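Student: Given next are the chains, with one letter for each unit.
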Amino acid sequence: MAFDNAYEALADAHDDARWAFGTGFDNPLSGVDTTVPSGVDGEDLAQYCLMLGDDALVLSHRLQQWCTRAPELEDEVAIANIGLDLLGQARLLLARTGRADGSGRGEDHYAYFRGEHEFRNVRLAEREHADFAQLVATVLVLTTWRLAVFQRLQASADPVLAAIAQKGVNELTYHRDYAAQWVVRLGDGTETSHARTVAAFDEVWPLVAELFEPHDVERRLDGVAVDPAEVRAEFDDVLAQVLSAATLETPVVPAKAGVAGGKGRNGRHTEQMGYLLAELQSVARAYPEATW
Amino acid sequence: MTGEWPLYEVFVRGKRGLNHVHVGSLRAADDDMALHHARDLYTRRNEGVSIWVVKAADIAASSPDEKDPFFAPSADKVYRHPTFYEIPENVPHM
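Line by line, the protein sequences are chains A and B. Residue numbering for the first sequence follows the numbering used here, beginning at 1 and increasing consecutively. Residue numbering for the second sequence follows the numbering used here, beginning at 293 and increasing consecutively.
Just chain A, with the same shape it has in the complex (with noise of 0.2 Å):
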């Protein structure tokens, strides 16, 4: 900073922002160099990326559905807020898919075109909010997860990877700051908010266990991903300072069993899927050569 016109100093002129990404809306990566580094498979690279990106944009397709149904108008732009941050997350990892596997398929052909199976999202990220409660419980687990995990992935062997990672842990602390506002607020609340919420937590706590499952790509990706089963302890910390302030006890429910062995790491999923994807989907499948 120049400190020969004192007026500059005042004005705060300084800024930091960098432009870690491409600028086109077409393709979120344009302009950054998206080689796999030497070493990394690049199947494996585009499985995880989709991984990671699934569960964006699934979670932000449910927050989407709050939109003129939230409690108040201010909470009703926070919670699009979030959903159009983790769809940015999403269109990154999702495009950075398209490089990495070597098909050069844009973000559009993964959102719109896969079926349920071919999806890698944790299931969490796909069940139903039925209230608010169930809504800022389930983004509190995910957030707080996710934000572990990509804390880690800023020192991913995949430069890109890196830099998405980057980007979005400013996001989501934000993310599960408000969440676990909201907890603590409904939580230490009336009788009538408490009750909901342990009740929105007995209701999610089954599908944790699934989040810190390593998969087998996970474990071949060594250095580029983060295995999920290293940050259970910073998330059972989080989660019990957070729940505590909210005066609730951690649930003891058993986790839910997956079907024929898989889970949604491995594309399956819950009968809720189906119509989430439904929604999701049917308009670029109506009009396959719209451009929006």
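Do not take every clue at face value.
Stated by the list, open to error - Across the chosen pairs, the derived CB separations fall in these ranges: (1) Ala130/A <-> Arg319/B: 20 to 28 Å; (2) Trp344/B <-> Gln154/A: 45 to 53 Å; (3) Gln281/A <-> Arg337/B: 28 to 36 Å; (4) Val383/B <-> Asn170/A: 44 to 52 Å.
Claimed, not checked - One-sided and incomplete, this derived list gives chain A residues near chain B with beta-carbon spacing under 10 Å: (5) Ala80; (6) Arg185; (7) Val198; (8) Val217.
Calculated directly from the structure, the hints in this document are not laboratory data. Because the structure is a prediction, the values reported are computed rather than measured. For every residue, glycine included, the Cβ atom is placed at its ideal position computed from N, Cα and C.
Add chain B to chain A, keeping to what the hints say.
Tutor: Same frame as chain A, but now just chain B:
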């Protein structure tokens, strides 16, 4: 309506601005929530680096009825305006 959240006024200091400027209002249950809502409603396009919120009820405001006694006497005192100086070119925000 009972149980409605109180009204807050929001002030945002822009990246290159020197003071907080009133940008609008919102409803929130308390100060913390008001700050969060202000961030979500009024800094979506990278407008700010600092936010103030204050309950609208806590603002003492001049009354429109007293407008003339309050403000009219200053209208004809041209000597109070520093318009007779030349401002150096490298002094911004003046």
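Student: If a hint holds in the structure, say so; if it does not, say that too.
Tutor: Hints, verified against the model:
1. Distance hint check: the CB atoms of Ala130/A and Arg319/B are about 25 Å apart, consistent with the given range 20 to 28 Å.
2. The hinted range of 45 to 53 Å is not satisfied by Trp344/B and Gln154/A, whose Cβ atoms lie roughly 32 Å apart.
3. A C-beta distance of roughly 30 Å is found between Gln281/A and Arg337/B, which places it inside the suggested range of 28 to 36 Å.
4. A C-beta distance of roughly 35 Å is found between Val383/B and Asn170/A, which places it outside the suggested range of 44 to 52 Å.
5. The interface hint given for Ala80/A is met, as the beta carbon of that residue sits about 9 Å from the closest beta carbon of chain B, less than 10 Å.
6. Taken as an interface hint, Arg185/A checks out: its beta carbon lies about 8 Å from the nearest beta carbon of chain B, inside 10 Å.
7. Given hint, Val198/A at the interface with chain B, is violated; its Cβ is 21 Å from that chain's nearest Cβ, farther than 10 Å.
8. Below 10 Å, beta-carbon pairs count as interface contacts, and Val217/A has none with chain B, the closest being about 35 Å; its hint is therefore violated.
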